[in-house]
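Enquirer: Input sequences plus hints: build the corresponding full structure.
Protein chains in written order, with my numbering: chain A, 1202 to 1668; chain B, 1202 to 1668; chain C, 1202 to 1668.
Simulated from the structure, these hints should not be mistaken for lab results. Treat the hints with caution; some may be incorrect.
[What the hints assert, rightly or not] Covered stretches of chain B, going by a simulated chain C footprint (3 or more residues, C-beta under 8 Å):
#1 1224-1238
#2 1249-1263
#3 1306-1316
#4 1327-1337
#5 1424-1435
These numbers were taken from a predicted model, which means no experiment stands behind them. The C-beta atom is built at its ideal place from N, Cα and C for all residues, glycine as well.
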Amino acid sequence: MERQRHQGMAKNTYMRWRLPLVCLLWEAAMIVLFGVFVRFGAEADAHWEEERREMNLTSDIENDFYFRYPSFQDVHVMIFVGFGFLMTFLKRYGFGAVGFNFLLAAFGIQWALLMQGWFHSFKDGKILIGVENLINADFCVGSVCIAFGAILGKTSPIQLLVMTLFQVTLFSVNEYILLNLLHVKDAGGSMTIHTFGAYFGLTVTRILYRPNLEQSKDKQGSVYHSDLFAMIGTLYLWMYWPSFNSAISDHGDAQHRSAINTYCSLAACVLTTMAFSSMLQKKGKLDMVHIQNATLAGGVAVGTSAEMMLTPYGSLIVGSISGIVSTVGYVYFTPFLESRLHIQDTCGIHNLHAMPGLIGGIVGAITAAAATEDVYGKEGFMKAFDFTGVYQTRTPSIQGGFQAAGIVVSLLMAFAGGAIVGGILKLPIWGDAAAENCFEDGVYWEVPEDEESDVYHMHNPDKPASP
Amino acid sequence: MERQRHQGMAKNTYMRWRLPLVCLLWEAAMIVLFGVFVRFGAEADAHWEEERREMNLTSDIENDFYFRYPSFQDVHVMIFVGFGFLMTFLKRYGFGAVGFNFLLAAFGIQWALLMQGWFHSFKDGKILIGVENLINADFCVGSVCIAFGAILGKTSPIQLLVMTLFQVTLFSVNEYILLNLLHVKDAGGSMTIHTFGAYFGLTVTRILYRPNLEQSKDKQGSVYHSDLFAMIGTLYLWMYWPSFNSAISDHGDAQHRSAINTYCSLAACVLTTMAFSSMLQKKGKLDMVHIQNATLAGGVAVGTSAEMMLTPYGSLIVGSISGIVSTVGYVYFTPFLESRLHIQDTCGIHNLHAMPGLIGGIVGAITAAAATEDVYGKEGFMKAFDFTGVYQTRTPSIQGGFQAAGIVVSLLMAFAGGAIVGGILKLPIWGDAAAENCFEDGVYWEVPEDEESDVYHMHNPDKPASP
Amino acid sequence: MERQRHQGMAKNTYMRWRLPLVCLLWEAAMIVLFGVFVRFGAEADAHWEEERREMNLTSDIENDFYFRYPSFQDVHVMIFVGFGFLMTFLKRYGFGAVGFNFLLAAFGIQWALLMQGWFHSFKDGKILIGVENLINADFCVGSVCIAFGAILGKTSPIQLLVMTLFQVTLFSVNEYILLNLLHVKDAGGSMTIHTFGAYFGLTVTRILYRPNLEQSKDKQGSVYHSDLFAMIGTLYLWMYWPSFNSAISDHGDAQHRSAINTYCSLAACVLTTMAFSSMLQKKGKLDMVHIQNATLAGGVAVGTSAEMMLTPYGSLIVGSISGIVSTVGYVYFTPFLESRLHIQDTCGIHNLHAMPGLIGGIVGAITAAAATEDVYGKEGFMKAFDFTGVYQTRTPSIQGGFQAAGIVVSLLMAFAGGAIVGGILKLPIWGDAAAENCFEDGVYWEVPEDEESDVYHMHNPDKPASP
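Expert: This is the structure we're talking about:
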């Protein structure tokens, strides 16, 4: 009763009819649209046996499933456990972190299968799907999970679903422009996933600026065990990132190379993150926020170039720089963004995704511009950049220019899209919580009554948090 | 001392000689039986190089290992981390959940290799094993993990080992009847694993009915962090379920299709679960019990049909329905089963496995009955349902009837087997705890003395649990 | 302030300039060395398309990536999540366990790529790397993670980095002697990883003996939730160990066989561990320390022989014995080592890695010596032991002798290397903590101020730990 009164004070967060309605109507829409449009691609269809002979594949193992399924599962873990648990660092928002991430991603992958399908797998009025579509849907949702990080703890589940609907749509448009119109390479998504997702999320959180957020400041920190839960997320993201960046690369050497480059970049990133985390703190102690996040910047920053001939030492350099930039960001930029630009970035996605994503786009542009037939071999050169058909006349330096254009387009889409979606989310109908109830699971979740309670202060709002 | 007195009051839970004796004797029996019967199959034997040429396989990569090992590892994670951590939601039974699941599964896979081996891989007096046997052993043990969910917190480790011994045996007989005698398809085990496992477990817990269980009611709930541990189990089950349902499907399109169908079904299930979880609670708040469990019903419910041409939209429909049924089950059926039918179902396996398992069997029967050569292609049709040899005359509608018969047989085996095994487990020699000590790790485990103790009330039995 | 004073009493643990300096200089050195030496191997290079035809590979899927990448990812999880979380059992050292393991492994894999590369992948002045190198680098670092277990909680991050630098170097030398000079088989690393790593770590901790360590005795235990975090580590190690032992075995039957043998050994090990854990405790209760550790001994003990024709029942026997030896070790040997030999082994690596590693080496020697052409087939025999070229005249019994020699060499390298490195780490310049501050994250980490604090006693050093 105390709880109810306390939460009900400022805003109506009652979800009982609104959330079910949105979930059920949207799922019904998915069923109808899947019924009209989605079918199995050749390699997943029961006609495969006949198709296979036509495709001149000698063995069942040449089914794309065996090239991509293990990577798909790794990516899947990154989206649901990786992002989900990374955000459990907040002391009283673990249910929301894992649970809402679960909800938005489960909706998002369905909508992404449709949106991306219309753009990329549409044939004779049907979207034909296979394992690569599943990976791409997970990728697309990854950009939503990133944006979620900026508004974590401050939004209702309905707002998150609305954001997912729009962001997946915009992601697919942006991806189409980059991959199909600009003919840009971005297998690990430095531009399409990270730059777009992060600046989109930052714009949204700017629009949703809450001047009184310091009222829930005591809940914005972590406790000992919540930091360990977050490390589960960190490590799964870190370990599986080589799979992420290589998941949709060309079969053979490109997948192999992407994994190696990413492995190297991430390893270097850990060392520079630790170095700067200790160096930038007066007592010289390591900060779990940096270890949980900045160690991953190396994966973001080779997203575009991992499948290119970046080389292992190139990866070490990129990883080293991105770890430094990201850690410095946590120490100096995040407070600045909040106090001066009114950008309240709960998880610091500006440091983990935005800046490293830009680095990734730039490194990709440079690596592409520097490509030579000598380094790639004649066949490898064609294959790596797909300089066939209308793109036959492209040179590496032109490709580099288009890559750079891809960054700009992603940024514009993110700012414009984020502004519009932020405006929609600002409408007072979505059931977000009052400032003093942010970062608090009790608003949308049944929370168990712990004897030695983590949620103690919800029942005793008068008691100060840190003695 | 306090602890000892408290626990020793009603029942003798002293394990020191009984548990070691059972473990060591049974392991010795495994060694003898493996020594007599189990050998490497052709693809794992050092003679492979010669066999390979005879089998007309052109490359090492056509070894079944490469088709199935990644899926095997995903299934393995589901059994040990998935089921193990899913059950850690209880505030004081985390060690028992993870630890006893570990124990029974480690024994069960050995016994399953033998039992399933005799039925399916027996040649010239030897059981020849390969990676597919490992997957099937894990599957078989999965049904024991399910049954464990019903009796979680109320049984001794010896009871669990005894149940595993019998349940694996009965599972293998039931599986043999379904797959070999009825020629039923059930790659993801809606019938053999879920329906059988769940109704077996429910029957056992009915026989073991404890009228005074409300004495440990304060320990049947969760605390904040135990709910997050349980989400680790949930997410790994959810993410890897596509691997579960496709792990033993035919190479190529069937595996590919199973994964896609399961992915779709699970995504839809999350949305309907969230919708009903909020709708069925007066305050409209989400309940972690539903999110932890009902979101998985979509995987269970396409277990039989995932490798068939269920189609993505068909999967969305099945997943949506099963999420609703499962959530409604948690809210209305579980209390009813307990109060009226005296079925005390700790984890609610009736909602997560029993009902969705039945749905899965029925959907499988319908999908099979509706199969046409047009949809599957001539070759695909034969391959999908194995209508060769003595089964050449089977039509889809006959196959549908046999599929339905498979459900009935699984149910009968579960009820009869569960009743017998329940009767055996009721004998007063197995060392189960008294009602007031259920759901309490301290009975069978050395528990660390936390300062701010989760196990506080064990040392202070007089203090009430919820202030 | 209280905290600072308390920690600063005895020793200078200020890391602010030392740690960054080491991290940044060493990472710079890695970049230079990678720039000079490391390039992509043929299968990861963009020239692959041309190479492939020369290598007579018909399909992209014959790229080694597809044979090894799924196993690589499993091994990767074992190193970072497996070892990292296994060590989180300490109540106040979770950040250090996961975080320092992350740091040393991230540095170690880079240095291992170089060291192992010079020995094994050096061609025309360049180290050519592919997925197998990544696995081997992870393996090498595994031996450092093992040694870390012995000194957990007692060393500074700089000491760990210094140890990593030397241990990776010595590991690579020892591995070269065993694999190339003695022509020994050790795919799962019973000798090179476990025996070497464990005795190295034990020697180091002996040299670093701290007579006053009982001053931090209250922090050497676990709390309820830290034991559950540790089980995450245990289970991932246990589940993925079949991938570990098969990751670099020959394609085809050898990989397949390694996985099966390891699966069997681990399953048996769980039962004998549980049996002895209960039997050796007066109250007959299970001890989480044993379940967390001794259940893994079965994987260590078949490390050498898993790819040989050990047979499933042979694996059960080896697994059973190693579970017993390891559990007995925790109960009797660890206290003995500490009180009599002054070997303070925080995680009990003597029981989990040293003794089972020796068993593994011996079982490998016996299995090799007992090999016959009858059991392996003529081709399989040659392939399994590589009896070609200068080794054409080797017989199984001679091979067995060389295998045994491999154990002795590994032990000598471990003792000698450990003594030297221990001496270096004893220098008073590395910033390790005073005895009363061991096993305490607050020394090197920013620790959140929990209300119901796990780190309570750091702020209140006067209050006793266990009331």
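Enquirer: State for each hint whether it applies.
Expert: Right, here's what the structure says about each hint:
no., hint, verdict
1, 1224-1238, "holds (count 8)"
2, 1249-1263, "holds (count 8)"
3, 1306-1316, "holds (count 5)"
4, 1327-1337, "holds (count 4)"
5, 1424-1435, "holds (count 3)"
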